[in-house]
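Colleague: So the protein lines, in turn, are chains A and B.
Numbering of the first sequence is given in the working numbering, commencing with residue 1 and proceeding in unit increments.
Numbering of the second sequence is given in the working numbering, commencing with residue 368 and proceeding in unit increments.
Since the hints were derived computationally from the structure, they do not count as laboratory data.
Just so we're clear, the structure is a prediction, and the values are computed from it rather than from any experiment.
Hints may be right or wrong, so weigh each one.
Each computed DSS-like pair below joins lysine-lysine, with the alpha-carbon atoms no more than 27 angstroms apart [stated by the list, open to error]:
no.: 1; chain 1: A; residue 1: Lys190; chain 2: B; residue 2: Lys545
no.: 2; chain 1: A; residue 1: Lys259; chain 2: A; residue 2: Lys190
no.: 3; chain 1: B; residue 1: Lys797; chain 2: A; residue 2: Lys190
no.: 4; chain 1: B; residue 1: Lys554; chain 2: A; residue 2: Lys249
no.: 5; chain 1: A; residue 1: Lys182; chain 2: A; residue 2: Lys267
no.: 6; chain 1: B; residue 1: Lys371; chain 2: A; residue 2: Lys190
no.: 7; chain 1: A; residue 1: Lys151; chain 2: A; residue 2: Lys7
no.: 8; chain 1: A; residue 1: Lys288; chain 2: A; residue 2: Lys355
no.: 9; chain 1: B; residue 1: Lys592; chain 2: B; residue 2: Lys545
no.: 10; chain 1: A; residue 1: Lys244; chain 2: B; residue 2: Lys567
no.: 11; chain 1: B; residue 1: Lys572; chain 2: A; residue 2: Lys190
no.: 12; chain 1: B; residue 1: Lys423; chain 2: A; residue 2: Lys23
no.: 13; chain 1: B; residue 1: Lys545; chain 2: A; residue 2: Lys108
no.: 14; chain 1: A; residue 1: Lys60; chain 2: A; residue 2: Lys99
no.: 15; chain 1: A; residue 1: Lys151; chain 2: B; residue 2: Lys387
no.: 16; chain 1: A; residue 1: Lys108; chain 2: B; residue 2: Lys619
no.: 17; chain 1: A; residue 1: Lys36; chain 2: B; residue 2: Lys423
no.: 18; chain 1: B; residue 1: Lys387; chain 2: A; residue 2: Lys190
no.: 19; chain 1: A; residue 1: Lys182; chain 2: A; residue 2: Lys259
no.: 20; chain 1: A; residue 1: Lys151; chain 2: B; residue 2: Lys539
no.: 21; chain 1: B; residue 1: Lys749; chain 2: B; residue 2: Lys699
no.: 22; chain 1: A; residue 1: Lys23; chain 2: B; residue 2: Lys545
no.: 23; chain 1: B; residue 1: Lys574; chain 2: A; residue 2: Lys244
no.: 24; chain 1: B; residue 1: Lys395; chain 2: A; residue 2: Lys197
no.: 25; chain 1: A; residue 1: Lys19; chain 2: B; residue 2: Lys577
no.: 26; chain 1: A; residue 1: Lys303; chain 2: A; residue 2: Lys345
no.: 27; chain 1: B; residue 1: Lys592; chain 2: A; residue 2: Lys244
no.: 28; chain 1: B; residue 1: Lys577; chain 2: A; residue 2: Lys190
no.: 29; chain 1: B; residue 1: Lys574; chain 2: A; residue 2: Lys190
no.: 30; chain 1: B; residue 1: Lys725; chain 2: B; residue 2: Lys699
no.: 31; chain 1: A; residue 1: Lys190; chain 2: B; residue 2: Lys567
no.: 32; chain 1: A; residue 1: Lys184; chain 2: A; residue 2: Lys355
no.: 33; chain 1: A; residue 1: Lys23; chain 2: B; residue 2: Lys395
no.: 34; chain 1: B; residue 1: Lys371; chain 2: B; residue 2: Lys577
Computed from the model, here is a short list of chain A residues facing chain B with C-beta under 7 angstroms [unchecked claim]:
no.: 35; residue: Gly22
no.: 36; residue: Glu92
no.: 37; residue: Ile117
no.: 38; residue: Ser173
no.: 39; residue: Asn220
no.: 40; residue: Gln221
The beta-carbon is built from N, C-alpha and C at its ideal position, and this holds for glycine as well.
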Amino acid sequence: MKIECIKDRFGEAVMRAEKVSGKNPTLPALGGIYLKAENNTVSIKATNLDLAISITIPTKVIEPGEVVIPAQILSSFVSSLKKDKNINIETEGQVILIKTGDTEATIKTLPTEDFPIIPLIKDDEAFSMPSKDLILGLKSVYYAAAVGSMKPELSSVCVAYGGDGLIFAATDSFRLAERKMKVKKMPHFKQILIPQKNISEILRVFDSIDEDISISIEENQATFFGGGVYLTSRIIDGVFPDYKQIIPKETSSEVIVLKQDLVDSLKTALIFSDSFNQLNLKVSSVKKLFEIQSKNQNIGENKHQIQAVVKGEELSISVNHRYFTDCFQSIPSDSINLRFSGQGKPILMEGVSDKTFMYLVMPMNKL
Amino acid sequence: MDYKQLWQSVLVEIELAVSKANFTTWFKDTRIVKEVDGVVVLSVPNAFVKEWLIQKYHHTILKSLRNLDSSIHAVEYVVNKEESKRRDDRDMQGALGMKELPLPDNLINKDDNLNPRYTFETFVIGPFNELAHAAAQAVLKSPGLMYNPLFIYGSTGHGKTHLIQSIGNHVKTANPGKKVFYMTSEKFGQDCMNALQNQKMSVFKEKYRKYDVLIMDDIQFFSDKVKFQEELFHLFNTLYDNNKQIVFSSDKHPHFIPGLEERLKSRFSAGMIVDIPPPDEESRIAILTTKARQQGLVLSGEIVDYLAHSVNGNIRDLEGAINTLAIQSQLKGREITISDVRSFVKNNTKPKRSVAIKDLVKIVADFYSIEEESIYEKTRRKEVIKPRQVIMYLLREDFNISYPSIGQKLGGRDHTTVIHSCEKIKVDIKEDPTLSQEINQIRNLLAV
Chain A
1 MKIECIKDRF GEAVMRAEKV SGKNPTLPAL GGIYLKAENN TVSIKATNLD LAISITIPTK
61 VIEPGEVVIP AQILSSFVSS LKKDKNINIE TEGQVILIKT GDTEATIKTL PTEDFPIIPL
121 IKDDEAFSMP SKDLILGLKS VYYAAAVGSM KPELSSVCVA YGGDGLIFAA TDSFRLAERK
181 MKVKKMPHFK QILIPQKNIS EILRVFDSID EDISISIEEN QATFFGGGVY LTSRIIDGVF
241 PDYKQIIPKE TSSEVIVLKQ DLVDSLKTAL IFSDSFNQLN LKVSSVKKLF EIQSKNQNIG
301 ENKHQIQAVV KGEELSISVN HRYFTDCFQS IPSDSINLRF SGQGKPILME GVSDKTFMYL
361 VMPMNKL
Chain B
368 MDYKQLWQSV LVEIELAVSK ANFTTWFKDT RIVKEVDGVV VLSVPNAFVK EWLIQKYHHT
428 ILKSLRNLDS SIHAVEYVVN KEESKRRDDR DMQGALGMKE LPLPDNLINK DDNLNPRYTF
488 ETFVIGPFNE LAHAAAQAVL KSPGLMYNPL FIYGSTGHGK THLIQSIGNH VKTANPGKKV
548 FYMTSEKFGQ DCMNALQNQK MSVFKEKYRK YDVLIMDDIQ FFSDKVKFQE ELFHLFNTLY
608 DNNKQIVFSS DKHPHFIPGL EERLKSRFSA GMIVDIPPPD EESRIAILTT KARQQGLVLS
668 GEIVDYLAHS VNGNIRDLEG AINTLAIQSQ LKGREITISD VRSFVKNNTK PKRSVAIKDL
728 VKIVADFYSI EEESIYEKTR RKEVIKPRQV IMYLLREDFN ISYPSIGQKL GGRDHTTVIH
788 SCEKIKVDIK EDPTLSQEIN QIRNLLAV
């Protein structure tokens, strides 16, 4: 194999692929990046048998061929090259020779025949949506998914079609995030569950691509394709809990606050939070009061009143600081609406006049 | 040779031919799911393995299989769907003191309403339910043709739902193309009602007529609901005429469901009606052992015998006992001893029942629609004699009241009269299923 291509383009592709490559001690080929040069393109592939990526970039192919190179070495080396514009890659027996204007390196290769075949999904009616929307949808909810849970459907993000758009949802059974995104076309799937640990890779890979992403589904596998990048992930065979039934329908008290005010006072509260991250919220419509309290026996305690519009019954409720704070990054509006439906009932959080994002968090048992 | 052995032998051959790294990466978690007409279906953990085996090892696998069994001529690969091993590494850190969102249990498949937990593998067969099990198996062999409808009845907690759901789950896995649907009669009623209100009767009719196997649980709730019965009747006829399998369950024999129309009763009788009686002691032991194993609880033979003997009641009660003991063992951090079980049984079994004779007389008299007073009178009218004998029988059998005092309480009769009555009913029960049903129903009334 012998190719010549633009270093930055090659480097970017290698960086993306390297993140996906596996660290499998039994099969060293999994820790490699596979390059295949033909028809004036080079495809760069990597997989950890859970997630696989294949990136095709235009290249000048002098001599077609294939090679597997240890992923980390290749990626570190290419990213260390700063000035050069072009890069030449050539195989020489068991090694590969990489040359730029003034640098030269040889890297030992891995056996190509051991590199896994990446399952290709042929789907003519793939559903497509702008990458911006896909990223936003996933980003808005994926932090709420369970990390390594007994229930695989909870350690995944659910993408489902409902109403007039896609609904992204995730929950670890303590809190739940849901983001609605409008789409032009109806997808051909009802519901897919993408493993939470693959989401960050999907986000990283497609974050810098501003094109439509097409999504195809086949037998426990979902494929995302866009901007020359082909990414396939295992999907979970299961049913996402029907969380619609647990969204509280009645509100006993309601608080509207400015997002920034709340975020600031939560930062203060964090200093005093205890090992359980307990945060106490006090709602009093009589005194027109919304107060945040945290205390730690070893440090001290802190009370903070926030200017807010308060309606409904008096309530004092505890929440986990981390779970409570997580959602602010996904609320687009300036003010937040908190709806309480009594002791021991989930708290509903939304942006004011924004129906695209919703967050539910369970209170804590008072300790 | 079963599938497991067959595949083991193939693996041994392949292991010799390929490198260790390749073998562990690509052949781990593979197994044969089934073999039909010489086509072996191989389950693989993910799409990568599937692709790899097809491209690289297909010939090796097929050749090894053929060496062992020459009738095999093809191999198919499917990605294993039960991949989601439920691992037990829940991170408890954030969970301390946290309440969980009341997320609904999502085990139930929305398309067919079946709960995948109910399968024949987990169904404990004993003398008490082997007939019902055999009938279910016969239905599976030729759905819609053999016993249609299959009607299973028995008291609560005897495993009716488990059995009929297992039929559904089995049909689903064996014939993926068949449309199976499970529902309770209450759901059917609700659907029917909604359809009536929204004037969507045709949609409702259409919906239920498309199923190949329709399973309806707790049919006794249809008693006196004329409209639902009518709909069920038409649905039944359509499905039956198209040789679609129908399975019903109820807590009574169809003939004893009050307010059920004759035409439905006669249709139910056309198929197979099986009873699941309460589990005998032997079966109770088997059930306890199985449930204990599922809970990871180690119980000695003595404990199981004692439990089977002392926890009277249905399978749910047995399950409850096992669950409590499992938690106790976990809390105490040691195995359960017989004295733990004794104290558990002492605290949890129902106290011996007692009854005011007057109440019993009233219930029985109402049941047979006769005057309460006539029981105490000296009359020998036929319609009074039988209820009176039933009362004596129940007082003796269920409440252990002495013969003389039964006689005394029921209008000063001689104890020999009482003995004769009890013996007579005992004999009659065996010969007359109607009588035994009646007595069961009276017992149910008493239990309330």
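Colleague: Under the constraints set out in the numbered hints, which ones does this structure not fulfil?
Modeller: 2, 3, 5, 6, 7, 9, 13, 15, 16, 18, 21, 22, 25, 27, 30, 34, 35, 36
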